[in-house]
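In order, the protein sequence lines correspond to chains L and P. Under the working numbering, the first residue of the first sequence is numbered 1, with each subsequent residue one higher. Under the working numbering, the first residue of the second sequence is numbered 1, with each subsequent residue one higher.
Hints may be right or wrong, so weigh each one.
All copies of an identical chain are treated as equivalent in the list; a pair is satisfied when it fits inside any one copy or across any two copies.
[Unchecked claim] Below are the DSS-like pairs computed for lysine-lysine, each with C-alpha atoms no more than 30 Å apart in a straight line: (1) 503 x 487; (2) 251 x 236; (3) 138 x 473; (4) 506 x 329; (5) 236 x 329; (6) 46 x 329; (7) 278 x 466; (8) 545 x 223; (9) 329 x 223; (10) 503 x 329; (11) 78 x 223; (12) 491 x 138; (13) 78 x 236; (14) 278 x 545; (15) 251 x 491; (16) 78 x 487; (17) 145 x 329.
Calculated directly from the structure, the hints in this document are not laboratory data. Just so you know, these numbers come straight off a predicted model, no measurement behind them.
Number of protein chains: 2
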Amino acid sequence: MTSYTPPTRDLQFVLQEVLQASTAKIGGYEELSPDFTAAVLDAAGKISAEVLAPISASGDTEGCRLENGVVRTPSGFKQAFDALRDGGWTGLDCDPEYGGQGMPYLLQTAVGEMLCGANHAFSLYHGLTHAAYTAIHKHGSDQQKRTYLPKLVTCDWGGTMNMTESHCGTDLGLIRTRAEPRGDGKYDITGEKIFISAGEHDLTENIIHLVLARTAGAPAGTKGLSLFIVPKILLKDDGSLGERNAVTCTKLERKMGIHASATCVMNYDGATGYLLGKEQDGMRAMFTMMNEARIGVGLQGLGQAVLGYQNAAAYARERLQGRDVSGAKNPDGPADPLIVHPDVRRMLMNQKSFVEGARALILWGAKTVDEVNRNGDAAAEGMISLLTPVIKGFITDTAFDMTVQAQQIFGGYGYIEETGMSQIARDARIAMIYEGANGVQALDLVGRKLSADGGKHMIAFFDLVKGFIAENKNNAALNDEFLTPLKLASKDLQAATMYFVEKGMKNPNNALAGASDFMHLFGHVCLGLMWARMARIALDALDDKTVDPAFYETKLATGRYYMARCLPMTGAHLARIQSGADTVMALPAEAF
Amino acid sequence: MTSYTPPTRDLQFVLQEVLQASTAKIGGYEELSPDFTAAVLDAAGKISAEVLAPISASGDTEGCRLENGVVRTPSGFKQAFDALRDGGWTGLDCDPEYGGQGMPYLLQTAVGEMLCGANHAFSLYHGLTHAAYTAIHKHGSDQQKRTYLPKLVTCDWGGTMNMTESHCGTDLGLIRTRAEPRGDGKYDITGEKIFISAGEHDLTENIIHLVLARTAGAPAGTKGLSLFIVPKILLKDDGSLGERNAVTCTKLERKMGIHASATCVMNYDGATGYLLGKEQDGMRAMFTMMNEARIGVGLQGLGQAVLGYQNAAAYARERLQGRDVSGAKNPDGPADPLIVHPDVRRMLMNQKSFVEGARALILWGAKTVDEVNRNGDAAAEGMISLLTPVIKGFITDTAFDMTVQAQQIFGGYGYIEETGMSQIARDARIAMIYEGANGVQALDLVGRKLSADGGKHMIAFFDLVKGFIAENKNNAALNDEFLTPLKLASKDLQAATMYFVEKGMKNPNNALAGASDFMHLFGHVCLGLMWARMARIALDALDDKTVDPAFYETKLATGRYYMARCLPMTGAHLARIQSGADTVMALPAEAF
């Protein structure tokens with residue numbers, strides 16, 4: 001059985017020292033004093049470790065059950081969900097007008113890492129509800145907001161996103177679900193949606209489905225899609241729960257992981273729906289949710305990588321196997337702990353340097369979202385448009401790899417379900433797929449974001465890297481180990497960008513064939529930048545005779561590992577990108 | 001549900017064109033005429049696709065059950081096992097003196113790829129039996145051989161390897177299972193073994209366990225270990241089955257994958273055992289099995305990568321989603337097939353170029369084993385000592401990654417169990433762990449094999465690469481696309497080797513910290529060499545106006561992809577290796 005240790009110290013380091021939240025000039029950040037964020041993180045860590053983590057393994061084993069249209073979540077899920085609601089965690093960053101606490105997204109994200117790290121499957125129930133809240137908050141009428149938001153904020157009601165149909169996942173233009181206007185402002189919604197997380201469950205008294213559908217006469221493709229609010233239980237005029245709507249869960253999927261999350265086939269049989277936003281404007285409204293959801297999925301990947309790392313590190317310290325080649329470290333015992341072995345350390349350092357770097361990157365992204373939403377900062381909007389696919393794609397790909405390395409440290413014990421290491425990898429695997437498979441993230445980055453607004457957001461990113469390097473160029477302690485590798489990696493990223501500009505014009509496949517490598521190359525440069533920043537802070541703290549030197553020395557050593565051992569991947573990614581599309585596209589389809 | 005297509009054409013290409021089996025000067029190879037190997041491959045392909053593959057998914061779902069000490073394998077396994085036995089497949093490369101067919105290991109390996117590709121879990125039952133056969137054949141007395149081998153050859157009886165105990169996996173020196181001599185030449189075996197594949201099942205009438213145990217008074221560590229034959233059912237003097245021995249399966253493990261393989265906790269409670277080989281010589285006898293088993297595990301990885309690739313390619317051709325950016329390819333349909341998208345092709349080409357390269361490498365390794373066993377070739381023995389950890393470690397690591405990419409092409413459908421893509425990845429995962437976790441393979445390669453006999457085997461490998469390049473240097477069609485990248489990759493491998501020689505002397509951790517990267521770097525150079533060889537053959541065939549130009553053109557295009565897109569990884573591995581052990585080992589254990 002795995003255990004979860006809330007990484008509150010490191011989250012606080014990123015919030016307060018790296019991102020300097022309490023002094024950032026962003027609306028609402030004045031509340032984020034170090035004492036306040038520490039208290040919030042401690043409380044969130046407590047519920048994560050003590051309430052959510054203990055039902056993760058049992059949730060995996062039990063899974064969800066569908067009985068006569070009713071989905072039963074695993075034992076303890078209802079109690080844990082109520083505890084989360086009672087603690088007020090579900091409305092942390094929601095609008096106070098509807099009962100939320102109005103905290104910045106930054107704090108929500110820091111808390112979210114722990115909630116989903118402790119129990120990935122569980123986190124989808126409140127996570128999807130939050131996504132529905134966001135869509136209605138941005139696109140709903142005043143009446144819709146008054147009707148739904150207070151209940152979604154408290155998770156008295158759950159929420160879902162209904163996009164996928166059996167014949168279309170990525171290509172939403174193929175959606176067939178129909179919406180027929182009844183003439184009274186309501187619509188009949190008819191169709192089948194699949195892969196609907198939290199589509200049906202026993203945690204809330206109602207579920208508010210957001211459903212993409214096509215109105216009669218609307219054009220083909222994504223342009224013809226509208227978004228509808230379809231409550232599981234219709235509301236009476238006084239707002240109380242009335243009749244059951246014509247929406248049912250007809251099947252639960254059997255999946256590789258996140259067994260405790262109900263992944264539903266949903267049947268809409270002339271269900272009553274209410275238009276959210278305007279007709280044929282459904283994709284825009286849906287994407288409001290998607291961007292937030294994509295950062296959230298990156299966070300899920302990180303959460304599982306952290307869980308894997310913690311358990312692998314503990315096992316490596318305890319499990320006695322073999323001897324240190326440089327001399328026994330546990331001479332009185334039958335063998336030395338696994339952690340003495342360089343190859344075990346390599347895997348642990350891969351994980352540690354990734355999770356700490358990824359944590360900084362995601363929280364930087366979250367702060368950038370706050371700059372957009374709270375300060376109306378256009379430059380921040382450009383930056384987060386670039387960072388979102390990197391956070392989703394690069395982090396979830398790498399996080400999965402890290403959970404596999406964590407599992408590997410357990411040897412044979414990693415493969416049996418009893419230790420829980422398999423579950424971590426199986427759960428983490430989904431994050432590479434949902435909310436846009438990672439290939440689609442790469443396509444979004446290279447095909448859309450990179451060249452948006454004349455490429456100025458990418459230039460802004462390079463300026464950020466150059467600025468940091470210039471600012472610190474006289475810092476000898478930083479130079480060789482951090483700035484030089486960061487500069488080299490950033491040059492690889494520039495060369496890749498230039499390659500796309502030059503060759504992508506002639507043949508877009510030259511860019512698309514390198515999209516995934518570009519996303520990873522970009523991710524490494526982002527983490528390199530995060531590590532250089534963190535190293536600078538660590539060096540300053542040590543110069544200032546911090547009372548906690550071990551924390552900062554560990555931070556520096558971890559950063560050195562990332563720069564020396566992980567950042568060299570940029571060269572391989574660049575070489576692949578620069579090899580172009582020819583070898584990728586050479587074969588006719590029938591040759592495969 | 002996945003389906004399996006026997007890759008007989010490509011296996012035949014490797015056997016006859018790449019390895020020129022029918023004209024190789026190796027004892028027994030004179031039988032391997034093209035017609036003969038084609039017929040054997042066809043027949044093996046037929047049983048793989050028609051008998052073994054159809055019970056793979058149901059085997060995963062049903063798993064094995066332990067009922068009152070009896071293990072029930074999933075539906076259809078007994079019938080399939082009997083079909084395999086009736087076809088004579090279990091004794092293909094076994095000694096004719098004991099009923100085998102005496103075929104080279106090369107042919108056994110080619111057939112084995114299909115048997116384990118079609119059904120990984122199933123293949124462990126006959127695979128472990130074969131390993132037990134090998135150990136008894138090499139180390140048994142004449143009487144033991146006469147007693148056990150004929151039954152193991154036909155798989156009337158099964159076999160197992162019992163090494164691991166709960167407190168020791170890799171570190172066998174910690175084994176506690178005791179062997180007390182009874183004075184009549186027999187021993188009482190007492191202890192608990194875990195992770196015993198095929199430890200108990202209903203496929204055979206008896207199971208011959210090979211058990212590592214420590215005799216009274218034997219020294220601590222691996223030196224004190226002896227290997228024992230412990231039959232599940234004792235034999236009467238006339239060789240017929242007698243009483244049940246004191247060995248029982250007390251638990252089946254619940255695992256991430258290979259659910260249909262019974263992974264048993266075995267309890268030996270004063271069971272009757274017979275010494276195999278000499279006392280305190282158990283490790284040597286066990287390693288006889290291990291080397292063969294390690295190549296076999298590499299083959300399992302390849303088999304699952306092939307299965308994943310085939311199903312992903314089929315899905316990518318059928319599933320309609322999105323449009324080709326360079327113009328619709330299926331204008332009359334609602335969308336183009338997935339295969340038009342460069343990022344989907346990238347993943348398919350990764351898989352295709354890996355599986356064909358890995359197939360050539362493993363079969364080259366198998367031929368090398370035949371050179372050792374049939375020709376007593378010492379140089380071949382040196383070469384296979386290097387190739388074995390690469391085949392096991394590099395191929396299973398990469399194969400798992402490829403099954404994950406195959407799964408990714410299915411999007412959300414890859415995550416649900418219904419399509420079978422999750423099973424492929426879950427099954428493939430074990431190959432990185434058992435028969436020596438891949439970190440141990442890397443350690444074996446760098447710590448033992450690399451420097452063995454003054455490093456002359458490694459020099460022989462480099463000579464092979466250089467020889468091929470020199471021999472073909474005037475071949476313009478080969479030069480830029482194959483020889484140049486091979487030369488660069490080989491230089492990276494040389495630089496890594498030199499780094500270990502220089503820095504590993506001072507501090508062995510400098511070598512050990514780079515061991516896993518070295519194994520992968522070596523693997524890439526091996527596959528680069530395989531591809532260069534195959535490209536040469538393809539070019540020659542096209543020059544000679546082959547009747548099957550499509551096959552050779554596809555081969556060339558696939559090779560070009562590998563050289564351009566996969567081989568650049570050698571630079572990243574080298575950079576990591578040359579960064580040394582400092583960043584890897586910097587942190588104290590408590591800092592993790």
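Taking the hints in turn, this is what the structure says about them:
no.: 1; hint: 503 x 487; in the structure: both (24 Å within a copy, 27 Å between copies)
no.: 2; hint: 251 x 236; in the structure: within (29 Å within a copy, 56 Å between copies)
no.: 3; hint: 138 x 473; in the structure: neither (44 Å within a copy, 66 Å between copies)
no.: 4; hint: 506 x 329; in the structure: between (60 Å within a copy, 19 Å between copies)
no.: 5; hint: 236 x 329; in the structure: neither (71 Å within a copy, 51 Å between copies)
no.: 6; hint: 46 x 329; in the structure: neither (35 Å within a copy, 55 Å between copies)
no.: 7; hint: 278 x 466; in the structure: neither (44 Å within a copy, 68 Å between copies)
no.: 8; hint: 545 x 223; in the structure: neither (60 Å within a copy, 52 Å between copies)
no.: 9; hint: 329 x 223; in the structure: between (66 Å within a copy, 22 Å between copies)
no.: 10; hint: 503 x 329; in the structure: between (55 Å within a copy, 22 Å between copies)
no.: 11; hint: 78 x 223; in the structure: neither (39 Å within a copy, 56 Å between copies)
no.: 12; hint: 491 x 138; in the structure: neither (39 Å within a copy, 58 Å between copies)
no.: 13; hint: 78 x 236; in the structure: within (26 Å within a copy, 61 Å between copies)
no.: 14; hint: 278 x 545; in the structure: neither (59 Å within a copy, 64 Å between copies)
no.: 15; hint: 251 x 491; in the structure: neither (50 Å within a copy, 56 Å between copies)
no.: 16; hint: 78 x 487; in the structure: neither (50 Å within a copy, 62 Å between copies)
no.: 17; hint: 145 x 329; in the structure: neither (63 Å within a copy, 45 Å between copies)
Of the hints listed earlier, those the structure fails to meet are numbers 3, 5, 6, 7, 8, 11, 12, 14, 15, 16, 17, in rising order.
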